Amino acid sequence: MSAENQDQDFEKLQRLLKLKRHEQPPPRFFNDFSGQVTARIKAGATGSQSDSFEEIVAQTPWLLRIWRAIEGKPAVSGIFTAAVCGLVVAGVFMADKTTSEMPRFELEAPLAKTEKKSLFSSGGSTLATVPVSSTNPAAMLPGSLFNNTPMLQTLPASGMPMPAGAK
Amino acid sequence: MIAITVNMTEPESDQGGNTAAAPPAPKPAVTSARAEEDALVHRAQKGDLAAYDDLVRRYQERIYATLYHMTSNHEDANDLAQEAFIKAYTAIKSFKGGSSFYTWVYRIAVNKTINFLKQRKNRSAMSLNDLDFDAEKDPDLVALISEKTPRRDAVLSELQKKLNEAMLKLSDQHRLVVTLHDVQGLAHEEIAEIMECNVGTVRSRLFYARQQLQGYLADYLK
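Each protein sequence line maps, in turn, to chains L and Z. Sequential numbering from 0 applies to the first sequence in numbering that gives the first Met the number 0. Sequential numbering from 0 applies to the second sequence in numbering that gives the first Met the number 0.
None of these hints come from the bench; they were simulated from the model. Hints are not guaranteed to be accurate.
[Claimed, not checked] Simulated coverage check for chain L against chain Z, where a stretch passes if three residues somewhere in it have a Cβ under 8 Å from a Cβ of chain Z: (1) 14 to 23; (2) 26 to 35.
[To be verified] Listing some non-contacts, in silico: residues in chain L with all C-beta distances to chain Z over 10 Å: (3) I40; (4) L62; (5) A68; (6) T80; (7) A82; (8) V83; (9) G85; (10) G90; (11) V91; (12) F92; (13) A94; (14) D95; (15) K96; (16) T97.
[Stated by the list, open to error] Derived EDC-like pairs: lysine to aspartate or glutamate, alpha-carbon spacing no greater than 16 Å straight-line: (17) K17(L) / E157(Z); (18) K17(L) / D75(Z); (19) K11(L) / D137(Z).
Predicted, not measured: the structure shown is a model, and the values here were computed from it. Where a beta carbon is used, it is the ideal one built from N, C-alpha and C, also for glycine.
Build out the structure end to end from the sequences listed, making use of the hints.
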């Protein structure tokens, strides 16, 4: 086909395409259109969760590029999802491994053992019978670590004990 | 019937498939329209729904028409246009004014439609709008029907169906270029901005799309 014929055909094609401009929606379609849009916005029919996600994607250029690359392409999105899942599984596996190799300080620390012993082995029965309250704090219970703490006594500035009845 | 008032100058085609951009409107009018639009956008960004309603009414016909020509389905175009405007409202705070609001909304609508078309790929049910009464009087169309079509009794609606079928055979990107340029009359530069590609790509896509359409509609273009 010569270039001249091609150009002529494009001209004819454009004339034919003019037909599309005569296609019209039903009468009064646009009268209600904006009202429907604003009503849906007011009603919160925007699917807030997905839209907020889309907004985040729209505001992040690199994420937007990835999203566009995978959206609508089942094979690519499948591979991408598989890769993400693989990374998550690998991450969980690695985290488990790392945790099991680490020493357990809470269980093996001597202080923790001592506390357990003092609280439960010697004072266990007392703990069960003597209720703890604001006037009877746990610090004063027999067998408690705090039993060895010397009680503070209030002394006058002179260092002599106060006479009885003096205030 | 309400006509789709696409208020754009029809592009004049040159021989290479290139078209001259529509002659620019007088500058003061453009500036004031842009300033008015900016004010509406600013109000909408602050949550003024009435201002956004004004913006929707300004562009609803053009956006709907583009989506309709892309889908050849009135219901789909309606849904997509509404969703595009709703999405634009939810994201309006992120609109920085780098392009016109019109281009920005167009881009949202077009991306939404292309994603929709990818998903519905294998079920292309047409739901065509009626032709207006002016179509019968259009001299170009009358000539095509009375002289060039293989069946002279072919009615416009049949031609409309064939044209839409041919359009649907194009890839989404090629159909979009033909729609925006040959049907809606946008300039190459505007299309490039909407499609986020360069003008050369728009021109080459347009040329290829026209060639394809020409092949599909050869019987009607003899």
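- Say whether it holds or is violated: A68(L) keeps its Cβ farther than 10 Å from all Cβ of chain Z. holds (12 Å)
- Starting from K17(L), check that the Cα of E157(Z) is at most 16 Å away, please. holds (15 Å)
- Query: Can the restraint linking K17(L) and D75(Z) be considered satisfied, given a maximum Cα separation of 16 Å?
  - Reply: violated (22 Å)
- Task: Compute the least Cβ-Cβ separation between T80(L) and chain Z, then decide whether it is above 10 Å.
- Result: Check passes; 17 Å lies beyond 10 Å.
- 10 Å cut-off, C-beta based - F92(L) kept clear of every residue in chain Z: Non-interface label on F92(L) holds, nearest chain Z Cβ at 35 Å vs cutoff 10 Å.
- Find the nearest Cβ of chain Z to the Cβ of G85(L) and say whether that gap is larger than 10 Å. The claim holds: G85(L) sits with its nearest Cβ about 26 Å from chain Z, beyond 10 Å.
- Is it the case that T97(L) keeps its Cβ farther than 10 Å from each residue Cβ in chain Z? It holds; T97(L) is separated from chain Z by about 40 Å at its closest Cβ, greater than 10 Å.
- Beyond 10 Å from each Cβ of chain Z, as asserted for V83(L): Since the minimum Cβ distance to chain Z is about 20 Å, V83(L) lies beyond 10 Å and the statement holds.
- Pair hint outcome, K11(L) versus D137(Z) [Cα-Cα no greater than 16 Å]: Holds. K11(L) to D137(Z) sits at ~14 Å (cutoff 16 Å).
- Hey, is D95(L) genuinely clear of chain Z, shortest beta carbon separation above 10 Å? Fine: 39 Å to the nearest Cβ keeps D95(L) off the interface.
- Message: Just to make sure I understand the rule, a stretch counts as covered if three or more of its residues have a C-beta closer than 8 Å to a C-beta of the chain. Does the stretch 14 to 23 of chain L meet that for chain Z?
- Response: That given contact holds, which follows from 10 residues of the stretch 14 to 23 of chain L lying within Cβ reach (below 8 Å) of chain Z.
- Would A94(L) pass as off the interface with chain Z, using Cβ distances and a cut of 10 Å? Label holds. Min Cβ-Cβ 36 Å, cutoff 10 Å.
Consistency with the previously given hints fails for numbers 3, 18, ordered from lowest to highest.
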